[in-house]
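K.L.:
Chains as they are written, first to last, in our numbering: chain A, 1 to 265; chain B, 1001 to 1336.
Be careful, since some hints might not be right.
To be verified - A partial selection of chain B residues facing chain A, derived with a Cβ cut-off under 7 Å:
id: 1; residue: I1221
id: 2; residue: S1223
id: 3; residue: M1224
id: 4; residue: E1227
id: 5; residue: E1228
id: 6; residue: S1231
id: 7; residue: L1232
id: 8; residue: G1233
id: 9; residue: P1278
Stated by the list, open to error - For lysine to any residue, the following SDA-like pairs were computed, each having C-alpha atoms within a straight-line distance of at most 20 Å:
id: 10; chain 1: A; residue 1: K74; chain 2: B; residue 2: G1225
id: 11; chain 1: A; residue 1: K48; chain 2: A; residue 2: S29
id: 12; chain 1: B; residue 1: K1003; chain 2: A; residue 2: N113
id: 13; chain 1: B; residue 1: K1141; chain 2: B; residue 2: E1227
id: 14; chain 1: A; residue 1: K48; chain 2: B; residue 2: G1225
id: 15; chain 1: A; residue 1: K69; chain 2: A; residue 2: L54
id: 16; chain 1: A; residue 1: K69; chain 2: B; residue 2: E1226
id: 17; chain 1: B; residue 1: K1141; chain 2: A; residue 2: R15
id: 18; chain 1: A; residue 1: K69; chain 2: B; residue 2: E1227
id: 19; chain 1: B; residue 1: K1329; chain 2: A; residue 2: E140
id: 20; chain 1: B; residue 1: K1003; chain 2: A; residue 2: R134
id: 21; chain 1: A; residue 1: K69; chain 2: B; residue 2: R1237
id: 22; chain 1: A; residue 1: K48; chain 2: B; residue 2: E1226
id: 23; chain 1: B; residue 1: K1141; chain 2: A; residue 2: L53
id: 24; chain 1: A; residue 1: K16; chain 2: B; residue 2: Y1143
id: 25; chain 1: B; residue 1: K1003; chain 2: A; residue 2: R118
id: 26; chain 1: B; residue 1: K1031; chain 2: B; residue 2: L1021
id: 27; chain 1: B; residue 1: K1003; chain 2: A; residue 2: P137
id: 28; chain 1: B; residue 1: K1141; chain 2: A; residue 2: Q55
id: 29; chain 1: A; residue 1: K48; chain 2: A; residue 2: V71
id: 30; chain 1: A; residue 1: K74; chain 2: B; residue 2: L1241
id: 31; chain 1: B; residue 1: K1003; chain 2: A; residue 2: D135
id: 32; chain 1: B; residue 1: K1003; chain 2: A; residue 2: P115
id: 33; chain 1: B; residue 1: K1003; chain 2: A; residue 2: V116
id: 34; chain 1: A; residue 1: K74; chain 2: B; residue 2: V1236
Said to hold, decoys possible - A few chain B residues that don't get close to chain A, going by computed Cβ distances all over 12 Å:
id: 35; residue: V1005
id: 36; residue: A1053
id: 37; residue: N1061
id: 38; residue: I1068
id: 39; residue: K1116
id: 40; residue: K1141
The set of hints was computed from the structure by calculation and includes no laboratory data. Note that the structure is predicted; figures quoted are calculated from it, not measured. We put the beta carbon where it would ideally sit given N, CA and C, even for glycine.
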Amino acid sequence: MSALITVEQVGFSYRKRQVLNRVNVSFRSGEVVSLLGPNGSGKTTLLKVMLGLLQPDTGEVFFAGRALKTVSPKVLARRIAYVPQIHREAFAYTVEDVVLMGRMPYHTFFSTNSPVDREIAAAAMEKLEIAHLRDRPYTEVSGGERQLALIARSLTQGADVFIMDEPVNGLDYGNQMRLLSGIRNLAKEGLTFIMTTHFPDHALMTSDRVILMQQGAVVADGLPEETITRETIFALYRIDVDVVAVNGNGRVCMPVWSTYGRAKN
Amino acid sequence: MKKPVHFLLASLLVVAALFSLTLGQYHVPIKDFLALAGWRIFGLEQLHQEKAALVKNILFNIRLPRIIAAMLIGASLSVSGGAFQALFINPLVSPGLLGVLAGASFGAALAMVLSKSWALVQLSTLLFGFVAVGFAIGIAKVYRIHSVIMLVLGGIISGAFFTALLSIIKYTADPSDQLPAIVYWLMGSLSAVDRGTVSIISAPLLIGILVVIFHGRQLNILSMGEEEAQSLGINVRRVRLTVIFFATLISALTVMVGGMIGWVGLIIPHICRMIVGPNNQTLLPATAFMGALYLLLIDDISRLLFTFEIPIGIVTSLIGIPFFALVLKNAQRGWR
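Please construct the entire structure, taking both the sequences and the accompanying hints into account.
P.N.:
The structure is reproduced here in structure tokens:
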């Protein structure tokens, strides 16, 4: 299958600081891809360039064969959804209000939410098992539920590509795992997920492919078991790890504590 | 009318407007009022000729314009306040955030000192309302860091600047007639409203109010953050500038008609958010009705409570401030 999103020779800098340096990556439809790299390695910037929120200084992003900058924001919004890190500063809209925001790209200036819009939103909430939160204020549900609401909004948007910036950030362990397994389930239906993460384990668990970034450049791109190794993790983070297979159904990335000292009992 | 609450507020507004028509120093008995209405609407027997002329004059040339002005000003300030609160993701901002009220006041005072022409005063009020907002946006543009925060800071600078200019005008104004005129103007009053003014401002105010209200959906999404809004297909810049333009237009027009009337644009959206929730698609129409109702009743109080008229701006502040202090405790639900 040909690539859905292609990032070609993309460079980007904030003022004088080079954040992306000749980045070449592509994403196929239905893939779950994790972007892994230290703070400031350019992961979030790459996501924003792919969303059209930032214009690259050099290079070009293509979406379904067309240069991204020639696709109207409204049309793009029907294909690509952005799930930002959880935020708290907003007004206390109900969860349904937030999910319904996903219908924005289908509305003209004067139109109001139709019963069809509400059905689509209800179906999305049903799918993510947050239907019972419909009338609760978005600001009063848990971080995990808020993240699910944003994913429901992306479904409501009709998007098939989900771009997520550290989706598990700020969630407790249970919610992290529930969110990741939810992502896996949605991916089975052919949706594409591109997400940044700080956890090699999460990348191993969820991804079909892992992209490692360092100082604005892609340093590795491939299957999780090929990209997440002792050597690459040390190169990225200066931490010694063991990557070990567990019960034959997965791998975990485990720090080797002795290298940086453990508190003695 | 999407929700029953809108219908209720609209009905209350109609009742309050009709009731306000009967209020005033000159007592128009309900009997005469009904008789006049009967004659006008149903062609029933008319009142005595002279009396009919007097009643008609009082109702349609004096009271009705003022009632319409009060409602439109209340709605304008409330809607632009509500829209700004969503736009700046902060429930504590008021329509004056970008300096429009300070600019408009300066414009009015300047023209009062330089000219005797009422038309010129009004034009200058409107013009400097826009100049002040343009100044705020200009400051934000120069630095272009995080635009919303820079806009707020630009507005603070612009507001302070035009307030200082206003002080200069006050200082140099003739203390025997110009200075009192400026000071009274700034206290806010609807006593100068006549049919002519109302017929000129009604259309732009209504259009401005409607344009802002119709941006409810966009404002909801903008209040989630700029990038999210963009990723949902919204042209953030265009929506922001459109809302700011029309909010500035209607706010400056309120100063042109009634001087400085404070606190309405802050409190009314707050109260409405507690009643209908923060969704701007329902909130903004509700603030329009509620703001109209509020200022209409406040104007009734300010012209009837004492034998002399109290400037409406003083009444809105006196009622608004303690009320705001009271609701602040509960207000968190709506926006945290």
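K.L.:
Hint by hint, note whether the structure agrees.
P.N.:
Here's how the hints hold up against the structure:
1. The beta carbon of I1221 (chain B) is positioned within 7 Å of a beta carbon in chain A (closest approach about 5 Å), and the interface hint is therefore held.
2. Of the supplied interface hints, the one on S1223 (chain B) holds, with its beta-carbon coming within about 6 Å of a beta-carbon of chain A, less than 7 Å.
3. Because the smallest distance between the Cβ of M1224 (chain B) and any Cβ of chain A comes to about 5 Å, under 7 Å, the interface hint for this residue holds.
4. Look at E1227 (chain B): its Cβ gets to within about 5 Å of chain A, closer than 7 Å, so that hint holds up.
5. The interface hint given for E1228 (chain B) holds, since its Cβ lies 6 Å from the closest Cβ of chain A, which is under the 7 Å cut-off.
6. The interface hint given for S1231 (chain B) holds, since its Cβ lies 4 Å from the closest Cβ of chain A, which is under the 7 Å cut-off.
7. Taking 7 Å as the C-beta contact cut-off toward chain A, the hint placing L1232 (chain B) at the interface holds, the least distance being around 5 Å.
8. For the restraint placing G1233 (chain B) at the interface with chain A, the shortest Cβ-Cβ distance is roughly 3 Å, inside the 7 Å limit, so the hint holds.
9. At its closest, the beta carbon of P1278 (chain B) sits 4 Å from a beta carbon of chain A; the interface hint therefore holds under the 7 Å criterion.
10. Proposed proximity of K74 (chain A) and G1225 (chain B) is supported: the alpha carbons are some 17 Å apart, at most 20 Å.
11. Between the alpha carbons of K48 (chain A) and S29 (chain A) the distance comes to roughly 19 Å, so the proposed pair stays at or under 20 Å and holds.
12. A threshold of 20 Å between alpha carbons decides the hint, and for K1003 (chain B) with N113 (chain A) the separation of about 13 Å falls inside it, so the pair holds.
13. Taking the CA atoms of K1141 (chain B) and E1227 (chain B), the gap is about 18 Å. The hint holds against a cut of 20 Å.
14. Annotation: proposed proximity of K48 (chain A) to G1225 (chain B) holds, straight-line Cα distance about 14 Å (limit 20 Å).
15. Between the alpha carbons of K69 (chain A) and L54 (chain A) the distance comes to roughly 10 Å, so the proposed pair stays at or under 20 Å and holds.
16. Our distance criterion of 20 Å between C-alpha atoms is met by K69 (chain A) and E1226 (chain B), whose separation comes to about 18 Å.
17. The hinted pair formed by K1141 (chain B) and R15 (chain A) meets the criterion: a straight-line CA distance of about 16 Å does not exceed 20 Å.
18. For the proposed pair K69 (chain A) and E1227 (chain B), the alpha carbon gap of about 16 Å is at most 20 Å, so the pair holds.
19. Simply put, K1329 (chain B) and E140 (chain A) have alpha-carbon atoms about 17 Å apart, close enough for the 20 Å limit, and the pair holds.
20. Between the alpha carbons of K1003 (chain B) and R134 (chain A) the distance comes to roughly 18 Å, so the proposed pair stays at or under 20 Å and holds.
21. Of the supplied pair hints, the one linking K69 (chain A) and R1237 (chain B) holds, its CA atoms being roughly 17 Å apart against a limit of 20 Å.
22. Restraint check for K48 (chain A) and E1226 (chain B): the C-alpha separation of about 12 Å stays at or below 20 Å, so the hint holds.
23. At most 20 Å may separate the alpha-carbon atoms for a hinted pair to count; K1141 (chain B) and L53 (chain A) meet this at roughly 19 Å.
24. Taken as a hint, the K16 (chain A) and Y1143 (chain B) pair is honoured in the structure, with Cα atoms around 16 Å apart against an allowance of 20 Å.
25. Proximity of K1003 (chain B) to R118 (chain A) is assessed by CA-CA distance (about 16 Å); at most 20 Å being required, the pair is judged to hold.
26. For the hint linking K1031 (chain B) to L1021 (chain B), the alpha-carbon distance of about 13 Å falls within 20 Å, and the restraint holds.
27. At roughly 19 Å between alpha-carbon atoms, K1003 (chain B) and P137 (chain A) fall within 20 Å of each other, so this suggested pair holds.
28. Distance hint between K1141 (chain B) and Q55 (chain A) is fulfilled; the C-alpha atoms sit about 19 Å from each other, no more than 20 Å.
29. A threshold of 20 Å between alpha carbons decides the hint, and for K48 (chain A) with V71 (chain A) the separation of about 15 Å falls inside it, so the pair holds.
30. Simply put, K74 (chain A) and L1241 (chain B) have alpha-carbon atoms about 19 Å apart, close enough for the 20 Å limit, and the pair holds.
31. For the proposed pair K1003 (chain B) and D135 (chain A), the alpha carbon gap of about 16 Å is at most 20 Å, so the pair holds.
32. Distance restraint check for K1003 (chain B) and P115 (chain A): the Cα-Cα separation of roughly 15 Å lies within the 20 Å cut-off, and the hinted pair is therefore satisfied.
33. Our distance criterion of 20 Å between C-alpha atoms is met by K1003 (chain B) and V116 (chain A), whose separation comes to about 19 Å.
34. Between K74 (chain A) and V1236 (chain B) the alpha-carbon distance is near 12 Å, which keeps this suggested pair within the 20 Å criterion.
35. Remark: the non-interface label on V1005 (chain B) is consistent with the geometry, its nearest Cβ contact in chain A lying 16 Å away (cut-off 12 Å).
36. At roughly 44 Å from the closest C-beta of chain A, the C-beta of A1053 (chain B) stays outside 12 Å, upholding its exclusion from the interface.
37. Every C-beta of chain A lies more than 12 Å from that of N1061 (chain B), the closest at about 37 Å, which supports listing it as non-interface.
38. Non-interface status of I1068 (chain B) relative to chain A is upheld: no Cβ of that chain comes within 12 Å, the nearest being about 26 Å off.
39. For K1116 (chain B), the condition that its CB be more than 12 Å from all CB atoms of chain A holds, with the nearest at approximately 44 Å.
40. K1141 (chain B), annotated as away from the interface, keeps every beta carbon of chain A farther than 12 Å; the closest lies near 17 Å.
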